[in-house]
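Student: Given next are the chains, with one letter for each unit.
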Amino acid sequence: MCLSELKENRSAVVTNVEGDSRFISRITSIGLTPGCRVMVMKNDKNRPMLVYSRDTMIALNKNECQGVMVEEVTA
Amino acid sequence: MSTGVTVALLGQPNSGKSTLFNALTGLRQHVGNWPGKTVEKKEGSFVHKGKEYRVADLPGSYSLSANSDEEVITRDYIASGEADVVCILADSSQLQRSLFMLADYAGIDVPCFLLLNMSDVAAEQGKKIDAKAIGEKLGIPVIPFSATDKKSYDVFYDALEAVIKDKGLLNVDKLTQQYESIIGYREIYDLIPENVIPGYSAMWIAVKALENDKVVMAKLRAALDDNAYSQIEEAKKNAQGAVATGGCKFAWIDDVLEKAVDAGDKKISLSFLDKIYTSRIWGKPAVILTVLLGLIASFIPAIPLMIVGSLILAVKAPVMGVLTSIGCPEILTLIIGDVVIQSFSYIFKMLGFVFGVTLVFGLLEEVGVMARISYVFDNTMGKLGLQGKSVMPFLVSFGCTMGGAAGARVIDNWGQKVLTIALAWAVPCGAAWATIPMLSTIFFGPGAVLVIVAVLLTMLLHMWITAKIFGAKLVKKEDRYGMIMELPPYHKPKWGALFRYVFGRTKETFIRVTKVILLVCGVFWLLSYSPSGDNGGILYTIGVAIEPVTKIFGMPWQLFLSYVASAVGKEGAIGVISALYNGNSYSSGFMDAMNGAARAENLNELLLANVTKPEALAFIFAMTFNMPCVVALAATYQETHSAKWTSIIVTYYTAVSLILAFLAYHIGLLIW
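If you read the sequences in order, they're chains G and H.
If you use this note's numbering, the first sequence closes out at 75, no skipped numbers anywhere.
If you use this note's numbering, the second sequence closes out at 672, no skipped numbers anywhere.
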């Protein structure tokens, strides 16, 4: 599933990131790489998402989330 | 050239790079542009133990890829050997992620050391970081640092001296091992000739080739024969590129941090303030309230300079009186009074604004609130091709355009900064808001409300169209991606560094804008000057002569000259109208209006007797959307560092204001 489908307060592991090289470079430099754990702090409709990953609170535009594939994990 | 050592500061945005730069260099800094590029270049110097050090604050970027000018400039500067030492900053409170820059740097052969900034914030979060253990793994000095702690700087200077002496390079063995696991890495690595791009190791080049880095690939293309190059292309195809190398970099970071960091067991949650800022309903009101409170707060530090500005204006008449009494030639007296003293009065009032706005905006940036503002307005401003932060200069411009232009400083992308300023000009300033309701009420009574609404709607449309026209040139398509940014933890400001920064910028503004304001005020004065004291002068003569033309735009010569005066300062528009319809000369009316002459008591009757409703409407639009004032012009020049873009903006606004006047006039003619 893609990151934006993840509900608030759920955790997941990034399985893949897809997009042009600019997007890959940007999303990698903010720390979202395959294998890393993310926790959704906020996911409101029509608003940027807030996720926590690698010690960092990250704000992501919903469109940008389309390229981040995740697999939900429990607890 | 001085023989001192050059230190380059490298770090991601929000790593505290600017704070360190300001704390180190204080007033000894200079901001310009990189040659031929639209990226700001910040340089400065400091003296430690009698030795001079030069400091280059490299453009903030998240990595060293080739996706933006900032990144290419940064890495080329480092690899060029101009810097003797690179100080890499990471944020201790977000250590894992912020070490990415270090991982991307690995393979550049310039001595470096690592600064774990914001160690106080990390400590507050309950994190324990063993800098020494990290340093042993990396082979370079690693120092915990807090910009607000004086002792930190001693450690910084010691580390700097040590690196200069030892010329220590980053230990990249473990990272190389990681890269070896990528299919294709070894093949590419073996094909890269020695020293093909000076300053970069073969490992670094091979990794960038895997990441499909345009600049590196072009250099390889030029350096290699067709066979070798196509082998690289082939090897790249089978690899996962940037995703794989990024994974390696973070795997290496995890390895470096292993056992060196105790994250504590603090639960991750949004702070109360962040719950408000990120709320769907309360986010925007909270940001607007924050900016308004900030704006009010910025008046307090501005007051002393504003008072100086008023005092300068107050001595104008006495000084001119003395000059006249001692037999000074009239023209000289006028130039000293109406140009020089008048200009310095403007300049000091402007400096008050620049000082206050820079201080408050700098503070908001420093404590982390600016990132929240960006977050909240990202969607809205993104439609204009801007960052969320751009909302701040817009809001400030409702008060004063020069404050808005000065506030645009917080936008780190030059093109977006120029675009923000260009759009901020469309926001009617306080002086316009004082004039619009007054004129509208005289002519339209209760209909004034409709005029105000029309002005606001025109403003929005104006900004939208201007964003389309200017944005195409200023903000490249590839810079228009959606938000991917971190929300840094809130932290205490470093007051000393902040004030030094604010004083430095105010001083620089003073030096730069003084000549612009003197020049423009001088030209306007010269054009308005009438030797006889009666009606005459170049502007008057032209204004009267081209009245048939200005009438197309709905402005008889009196209104047209007042429109011209409104480009110098909107507060002057009404004064000039009063003087002209009272039969006074333009020359003296213009000067008196700029001195803050009150409107004539019989202004209502005068206007109603001489000006028709469509003409009044035309004038309101022409005056409101004209160039905001001379000082806003100077501030725009100061912030954009570009005479070209400043003049484009001026020309554009003059043209658009006349077009709007034309439209308003002809729509008015249809109604009345």
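It is possible that part of the hints are untrue.
Derived BS3-like pairs: lysine-lysine, alpha-carbon spacing no greater than 25 angstroms straight-line [what the hints assert, rightly or not]:
id : chain 1 : residue 1 : chain 2 : residue 2
1  : H       : K275      : G       : K7
2  : H       : K473      : G       : K42
3  : G       : K45       : H       : K383
4  : G       : K7        : H       : K473
5  : H       : K275      : G       : K45
6  : H       : K473      : G       : K45
7  : G       : K62       : H       : K507
8  : G       : K42       : H       : K174
9  : H       : K468      : G       : K62
10 : H       : K127      : G       : K42
11 : H       : K284      : G       : K7
12 : G       : K62       : H       : K42
13 : G       : K42       : H       : K42
14 : H       : K275      : H       : K174
15 : H       : K275      : G       : K42
16 : H       : K477      : G       : K62
17 : H       : K476      : G       : K62
18 : H       : K275      : G       : K62
19 : H       : K42       : H       : K468
20 : H       : K37       : H       : K551
Looking from chain G toward chain H, a few residues come up when the C-beta cut is under 8 angstroms (computed) [said to hold, decoys possible]:
id : residue
21 : S4
22 : S11
23 : V13
24 : T15
25 : I27
26 : R37
27 : M41
28 : Y52
29 : R54
30 : A59
31 : V73
Derived by calculation from the structure, the hints in this document are not laboratory data.
Every residue gets a Cβ at the ideal spot worked out from N, C-alpha and C, and that includes glycine.
Student: If a hint holds in the structure, say so; if it does not, say that too.
Tutor: Cross-check of the supplied hints:
{"no.": "1", "hint": "H:K275 <-> G:K7", "result": "holds, 17 angstroms"}
{"no.": "2", "hint": "H:K473 <-> G:K42", "result": "violated, 35 angstroms"}
{"no.": "3", "hint": "G:K45 <-> H:K383", "result": "holds, 18 angstroms"}
{"no.": "4", "hint": "G:K7 <-> H:K473", "result": "violated, 40 angstroms"}
{"no.": "5", "hint": "H:K275 <-> G:K45", "result": "holds, 16 angstroms"}
{"no.": "6", "hint": "H:K473 <-> G:K45", "result": "violated, 33 angstroms"}
{"no.": "7", "hint": "G:K62 <-> H:K507", "result": "violated, 43 angstroms"}
{"no.": "8", "hint": "G:K42 <-> H:K174", "result": "violated, 37 angstroms"}
{"no.": "9", "hint": "H:K468 <-> G:K62", "result": "holds, 24 angstroms"}
{"no.": "10", "hint": "H:K127 <-> G:K42", "result": "holds, 24 angstroms"}
{"no.": "11", "hint": "H:K284 <-> G:K7", "result": "holds, 23 angstroms"}
{"no.": "12", "hint": "G:K62 <-> H:K42", "result": "violated, 34 angstroms"}
{"no.": "13", "hint": "G:K42 <-> H:K42", "result": "violated, 37 angstroms"}
{"no.": "14", "hint": "H:K275 <-> H:K174", "result": "violated, 41 angstroms"}
{"no.": "15", "hint": "H:K275 <-> G:K42", "result": "holds, 9 angstroms"}
{"no.": "16", "hint": "H:K477 <-> G:K62", "result": "holds, 19 angstroms"}
{"no.": "17", "hint": "H:K476 <-> G:K62", "result": "holds, 21 angstroms"}
{"no.": "18", "hint": "H:K275 <-> G:K62", "result": "holds, 19 angstroms"}
{"no.": "19", "hint": "H:K42 <-> H:K468", "result": "violated, 30 angstroms"}
{"no.": "20", "hint": "H:K37 <-> H:K551", "result": "violated, 44 angstroms"}
{"no.": "21", "hint": "S4", "result": "violated, 12 angstroms"}
{"no.": "22", "hint": "S11", "result": "violated, 11 angstroms"}
{"no.": "23", "hint": "V13", "result": "violated, 13 angstroms"}
{"no.": "24", "hint": "T15", "result": "violated, 11 angstroms"}
{"no.": "25", "hint": "I27", "result": "holds, 6 angstroms"}
{"no.": "26", "hint": "R37", "result": "violated, 11 angstroms"}
{"no.": "27", "hint": "M41", "result": "holds, 6 angstroms"}
{"no.": "28", "hint": "Y52", "result": "holds, 5 angstroms"}
{"no.": "29", "hint": "R54", "result": "holds, 4 angstroms"}
{"no.": "30", "hint": "A59", "result": "holds, 5 angstroms"}
{"no.": "31", "hint": "V73", "result": "violated, 15 angstroms"}
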